[in-house]
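Following full-length UniProt numbering, the numbering of the sequence shown begins with 1 at its first residue and continues without gaps.
Take the hints with a grain of salt, since some may be wrong.
Unchecked claim - Taking lysine to any residue and the SDA-like style, the derived pairs with C-alpha atoms no more than 20 Å apart in a straight line are: (1) Lys36 - Gly15; (2) Lys21 - Phe42; (3) Lys10 - Trp33; (4) Lys38 - Met20; (5) Lys36 - Leu1; (6) Lys107 - Ala97; (7) Lys21 - Asn41; (8) Lys17 - Glu4; (9) Lys10 - Ser29; (10) Lys10 - Gly32; (11) Lys38 - Ser16; (12) Lys38 - Glu72; (13) Lys38 - Arg94; (14) Lys10 - Phe35; (15) Lys17 - Pro27; (16) Lys17 - Leu45; (17) Lys36 - Cys2; (18) Lys36 - Glu72; (19) Lys36 - Tyr5; (20) Lys36 - Val12; (21) Lys21 - Val6.
Worth flagging that the hints you see were computed from the coordinates, not collected in a lab.
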Amino acid sequence: LCQEYVRQGKCVLIGSKVFMKDGSDIPRSAAGWNFKEKIDNFLALREGRDTPPHLVNTMFFGSEDSAEFQVEVHPSSYLVDQEIEDNADEEDKRALARAYAQVEELKNAIKRKKPARFDGVEIP
Numbered sequence: 001l002c003q004e005y006v007r008q009g010k011c012v013l014i015g016s017k018v019f020m021k022d023g024s025d026i027p028r029s030a031a032g033w034n035f036k037e038k039i040d041n042f043l044a045l046r047e048g049r050d051t052p053p054h055l056v057n058t059m060f061f062g063s064e065d066s067a068e069f070q071v072e073v074h075p076s077s078y079l080v081d082q083e084i085e086d087n088a089d090e091e092d093k094r095a096l097a098r099a100y101a102q103v104e105e106l107k108n109a110i111k112r113k114k115p116a117r118f119d120g121v122e123i124p
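Could you build the full structure based on these sequences and the hints that come with them?
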C-alpha cells in the first residue's frame, strides 16, 4: 500500500519513514485512524486550492546581488572606554595580589600544622 501511495505521488519514503510529498510529516491533525486515512483526508482538504500568489512570492525571494567581505578588526576596537580598562587592570592586579597572598598564607598554615595522635595513630 505504501509503495502504491509513493507511485501515485501522495507521499514519499525517506529511509524507512513515510512523509508527505513535500517532505513534511504526516499531519496529526488530519482526520483518520491510520496513516492512509490521514493522508487521504489531508490531500482531499487541500485539493483544488492553490497557494495565493502573494504567499508564493514571499516564500521564494531571491536576489542576484551578493558580495563577500573579509574585515580585520583589531581587538582594541572592542574597548568602550580606555579609562574603564585602566581601572580594570589595576583592580585585576590587586585581586591577583590578594589571591597570591591567600595561597601563601594557606601554604604556611599547612606547614605549621602538627600531626595529631589518637589512640597511638598519627593523623597528619
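Now for the hints, and whether the structure bears them out:
1. Lys36 - Gly15: holds, 18 Å
2. Lys21 - Phe42: Holds. Lysine 21 to phenylalanine 42 sits at ~12 Å (cutoff 20 Å).
3. Lys10 - Trp33: holds, 17 Å
4. Lys38 - Met20: holds, 11 Å
5. Lys36 - Leu1: holds, 9 Å
6. Lys107 - Ala97: Judged against 20 Å, a Cα distance of about 15 Å means the pair holds.
7. Lys21 - Asn41: OK: lysine 21 and asparagine 41 at ~14 Å, within 20 Å.
8. Lys17 - Glu4: Judged against 20 Å, a Cα distance of about 15 Å means the pair holds.
9. Lys10 - Ser29: Given that 20 Å is the threshold and the Cα spacing comes to 17 Å, the pair holds.
10. Lys10 - Gly32: holds, 16 Å
11. Lys38 - Ser16: Answer holds: lysine 38 to serine 16 is near 18 Å, not above 20 Å.
12. Lys38 - Glu72: violated, 55 Å
13. Lys38 - Arg94: violated, 70 Å
14. Lys10 - Phe35: holds, 11 Å
15. Lys17 - Pro27: Since the Cα atoms of lysine 17 and proline 27 sit roughly 14 Å apart, the hinted pair holds (cutoff 20 Å).
16. Lys17 - Leu45: violated, 23 Å
17. Lys36 - Cys2: holds, 8 Å
18. Lys36 - Glu72: Between lysine 36 and glutamate 72 the Cα gap is close to 57 Å, so the pair fails against 20 Å, i.e. violated.
19. Lys36 - Tyr5: Holds, because 9 Å separates the two Cα atoms, which is no more than 20 Å.
20. Lys36 - Val12: holds, 13 Å
21. Lys21 - Val6: OK: lysine 21 and valine 6 at ~8 Å, within 20 Å.
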